[in-house]
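**Q** Here is what each chain is made of, one letter per residue.
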Amino acid sequence: MNDEMAKLMVVFRTAPYGSIYSFEGLENVLIMGAYDQDVSVLFIDDGVFAIKKGMDNSGTGIKDFSPTFRALEAYDIEKIFIDRTSMESRGLTKDDLVIDAELIESDTVEKMMEEQKNFFMF
Amino acid sequence: MKLGMIVMESPYQHEASDSAIQFAKAALAKGHEILRVFFYQDGVLNSTKLMEPQSDDRHIQKQWTAIGTENNIEFIVCVAAAKRRGINDTVTAEGFTIGGLGMLTELAIEADRLVEFRA
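Heads up: the sequence lines are chains A and B, in that order.
Quick note: the first sequence uses the numbering used here, first residue 1, plus one each step.
Quick note: the second sequence uses the numbering used here, first residue 1001, plus one each step.
None of these hints come from the bench; they were simulated from the model.
Warning: the hint list may mix true and false statements.
[Said to hold, decoys possible] Straight-line distance between alpha carbons at most 30 Å, and here's what the computed BS3-like set of lysine-lysine pairs gives:
#  : chain 1 : residue 1 : chain 2 : residue 2
1  : B       : Lys1025   : A       : Lys7
2  : B       : Lys1083   : A       : Lys63
3  : B       : Lys1083   : A       : Lys111
4  : B       : Lys1083   : B       : Lys1030
5  : A       : Lys117    : B       : Lys1049
6  : B       : Lys1002   : A       : Lys7
7  : A       : Lys63     : A       : Lys111
8  : B       : Lys1062   : A       : Lys79
9  : B       : Lys1030   : A       : Lys7
10 : A       : Lys94     : A       : Lys52
11 : A       : Lys7      : B       : Lys1062
12 : B       : Lys1030   : A       : Lys117
Model, not experiment: these values are computed from the prediction.
My request is simple: use the sequences and hints to build the entire structure.
**A** As structure tokens, then:
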């Protein structure tokens, strides 16, 4: 393994319960936390719904995993970003989120993506 | 260049597995190194030796096994995704090993590029 930390980004871009992507993304981030790398997490497009408060999916038979995002901090994942345009265009504010994510503008998203070594898209 | 590959889709339903196989062949032919292929989500279904496509169709698992054994490429099948789908080491074909998600993180750290195949 390289001595230098790798810049790895996990991108949540799909809604949390229509597919397994979001759940698998969360599992991935928690594992990555153990590797002591420069990990960042981005919520964009419908991915912003993954961290929405107060979801009731009891009728779906699928576990509500959104509160588990609160564990990210305990896993030393501190770089958590949400795309402002994606969030606002879906009628959400920061108060609607289960975790404290930093709001970033779309041009910043682009710049951050250019800096990454590798991505995980969910 | 050191490449890592992720295969996210089941064989036959989508073209993702076929594209991944073609990509692997092309990359190797160009002299690139493939460190590992990580089979994830429905992609774990690429690993089963129980698949029996009709005789005039391609056999995707055998294509993978051929590429892997000829070029000494590690194929890792995500354990959590595999267990959900009834895949364990009694059904995986030659060349495929069941492994953890951490091996995907390690791949991302070591590979210059991570190439993902999905629908």
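**Q** Next, verify each hint and record whether it holds.
**A** Results for each hint:
The hinted pair formed by B:Lys1025 and A:Lys7 meets the criterion: a straight-line CA distance of about 28 Å does not exceed 30 Å. Using a Cα cut-off of 30 Å, the hinted pair B:Lys1083 and A:Lys63 holds, with the two alpha carbons roughly 18 Å apart. Note on B:Lys1083 and A:Lys111: the hinted pairing is violated, with a Cα-Cα distance of about 38 Å set against a maximum of 30 Å. Distance hint between B:Lys1083 and B:Lys1030 is unfulfilled; the C-alpha atoms sit about 36 Å from each other, more than 30 Å.
Annotation: proposed proximity of A:Lys117 to B:Lys1049 is violated, straight-line Cα distance about 35 Å (limit 30 Å). A distance of roughly 16 Å separates the Cα atoms of B:Lys1002 and A:Lys7; the hinted pair therefore holds under the 30 Å criterion. Proposed proximity of A:Lys63 and A:Lys111 is contradicted: the alpha carbons are some 35 Å apart, above 30 Å. Taken as a hint, the B:Lys1062 and A:Lys79 pair is broken in the structure, with Cα atoms around 42 Å apart against an allowance of 30 Å.
Between B:Lys1030 and A:Lys7, the direct Cα distance comes to roughly 27 Å. Compliance with the 30 Å bound is thereby established for this hinted pair. Proximity of A:Lys94 to A:Lys52 is assessed by CA-CA distance (about 9 Å); at most 30 Å being required, the pair is judged to hold. For the proposed pair A:Lys7 and B:Lys1062, the alpha carbon gap of about 35 Å is over 30 Å, so the pair is violated. Simply put, B:Lys1030 and A:Lys117 have alpha-carbon atoms about 22 Å apart, close enough for the 30 Å limit, and the pair holds.
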